[in-house]
Amino acid sequence: MEKERHLLVVFPHPDDEAFGVSGTIATHVQNGTPVTYACLTLGEMGRNMGNPPFTNRENLPKIRKEELKAAASAIGIQDLRMLGYRDKTVEFEDDEKLANAMLSLINEVNPSLVITFYPGYSVHPDHDATGAAVVRAIEKIPAAQRPKLHCVAFSNNCVEELGEADIVHNITAVADKKLAAIQAHRSQTEQMFGDVTEKLKNQDPQMMVWINNERFWTYKFE
Amino acid sequence: MEPIKNHLQVQEAINRYANQDVYIHLETTNGAYASHHDQTFFSAGAYIRNALVRYEHGKITGTDPYRVGLKINLGWIYAEGLTHFEIDEEDRLLLAGHDNKGKLAVALEISTTPFE
Numbered sequence: 001m002e003k004e005r006h007l008l009v010v011f012p013h014p015d016d017e018a019f020g021v022s023g024t025i026a027t028h029v030q031n032g033t034p035v036t037y038a039c040l041t042l043g044e045m046g047r048n049m050g051n052p053p054f055t056n057r058e059n060l061p062k063i064r065k066e067e068l069k070a071a072a073s074a075i076g077i078q079d080l081r082m083l084g085y086r087d088k089t090v091e092f093e094d095d096e097k098l099a100n101a102m103l104s105l106i107n108e109v110n111p112s113l114v115i116t117f118y119p120g121y122s123v124h125p126d127h128d129a130t131g132a133a134v135v136r137a138i139e140k141i142p143a144a145q146r147p148k149l150h151c152v153a154f155s156n157n158c159v160e161e162l163g164e165a166d167i168v169h170n171i172t173a174v175a176d177k178k179l180a181a182i183q184a185h186r187s188q189t190e191q192m193f194g195d196v197t198e199k200l201k202n203q204d205p206q207m208m209v210w211i212n213n214e215r216f217w218t219y220k221f222e
Numbered sequence: 001m002e003p004i005k006n007h008l009q010v011q012e013a014i015n016r017y018a019n020q021d022v023y024i025h026l027e028t029t030n031g032a033y034a035s036h037h038d039q040t041f042f043s044a045g046a047y048i049r050n051a052l053v054r055y056e057h058g059k060i061t062g063t064d065p066y067r068v069g070l071k072i073n074l075g076w077i078y079a080e081g082l083t084h085f086e087i088d089e090e091d092r093l094l095l096a097g098h099d100n101k102g103k104l105a106v107a108l109e110i111s112t113t114p115f116e
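One line per chain: the protein sequences are S and V, in this order.
Take the first sequence: its position 130, counted from the start at 1, is 130 in this note's numbering, and no numbers get skipped.
Take the second sequence: its position 48, counted from the start at 1, is 48 in this note's numbering, and no numbers get skipped.
Don't read these hints as lab results, they were simulated from the structure.
Computed from a predicted structure; not experimentally measured.
Misleading hints may appear alongside valid ones.
[What the hints assert, rightly or not] Examples of chain V residues toward chain S, derived with CB under 7 Å:
id, residue
1, Met1
2, Gly31
3, His84
4, Glu86
5, Leu94
6, His98
7, Gly102
8, Leu104
9, Ala107
[As the list claims (entries may be wrong)] Within a straight-line C-alpha distance of at most 30 Å, the following computed DSS-like cross-link-like pairs (lysine-lysine) qualify:
id, chain 1, residue 1, chain 2, residue 2
10, S, Lys199, V, Lys101
11, S, Lys97, S, Lys65
12, S, Lys65, V, Lys103
Glycine residues also receive a C-beta, built at the ideal position from the N, C-alpha and C atoms.
Start from the sequences and build out the full structure, keeping to the hints where you can.
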C-alpha cells in the first residue's frame, strides 16, 4: 500500500467504514499516515431495534455515536468528524452547498488520498449522494492538485458497469483491528450479520476472503 | 420500549397530548437495502419530523399490531403496524412497529417539545 501524506475518508453512516475500509484505514494508520474520517450522519434511521427492543428511534443516534467513536479508536483514527447531517436526507441537501462543505474539508485536511462511495454504484441514496458531493468537490480543484479518489462500490451492477475493482488490499495483517471495528458497531452488526461472529470464530473460508480483501475503484475524472 | 399489551395505557397517553400543540415524528420504511437484496421488492416509505399539529382526539385500535389515528384540525394522521410503545424520559409518547427480526418498520411519536 502506497504511503500517503494524509488520508481523508468520507462516509454518511457510522459503520460504513467498518466492513469495506477499516483494514485499509488501520494499515495507513500503522504506516504513520494521519487519517481524518468525516461521517456525515449518526445513522439516525437505522432499523435494528432488537427483539426485544434494546433502544428506540430517539435513542439510537446516541448509541451509534458511541459505537462510531469506539470503532474509530479500534482502528486508530485520531481525527473523527461528525458533520451533523441527518440519515437518509443527504441526497436532499443543496448539491452545491454539500459539495462546498466537502471542498472546505478537503482544503483543510489536504489529503493525498480520499476514500468515499462510488456515486451511482453504492445502493443507499446517502452513499451515492456523499460520493457525488466528494466528486463534485474534487472537480473544483485544478486537475494537477487533486488528491487520488478511491471509491467503494457494491451495487448489483457495479462489476458489470465499472469492471473489476482496480485496487484490492489484503488486510489480513490488521484483521483483528477490523473485527474490533465491526464489533464496535454492535447495534448494527449483531442483527445484520447474526452469524458473523460464529463464522469468524470458525475462520469460515468465504467469510475470511470477504473480510480480508478490501476493494476500491479509482475514480476517473472526465 | 415494551410490547403494547394493554392498549388503554397507550390510549391514556394519546389523550394527554390532545388539544394542545404537539410535534409529530412519523415514518414508515422498508429500509434502504430492500430492493438491493430483492430486486422484485418495491420499496416505499415516508417520513415527517417535527410536524407541529394539534389533534382534537386520537385513538388506538386493532389487536397486535395496532393502529393509531389522530384527528387534526384539517385532516388526519395515522400509522399502522404498531407493536411497541414507551413514554420516554422526556415525557414523549414513542410508538413503533417492529418486524419479527426487531427491525423498525413504522414509528409514530408525539412530543410537546421539538424532536432533536
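Now the hints, each set against the structure:
no. : hint                  : result
1   : Met1                  : 5 Å, holds
2   : Gly31                 : 5 Å, holds
3   : His84                 : 6 Å, holds
4   : Glu86                 : 6 Å, holds
5   : Leu94                 : 5 Å, holds
6   : His98                 : 6 Å, holds
7   : Gly102                : 3 Å, holds
8   : Leu104                : 5 Å, holds
9   : Ala107                : 5 Å, holds
10  : S/Lys199 <-> V/Lys101 : 20 Å, holds
11  : S/Lys97 <-> S/Lys65   : 24 Å, holds
12  : S/Lys65 <-> V/Lys103  : 19 Å, holds
Consistency with the previously given hints is maintained throughout, with no hint failing.
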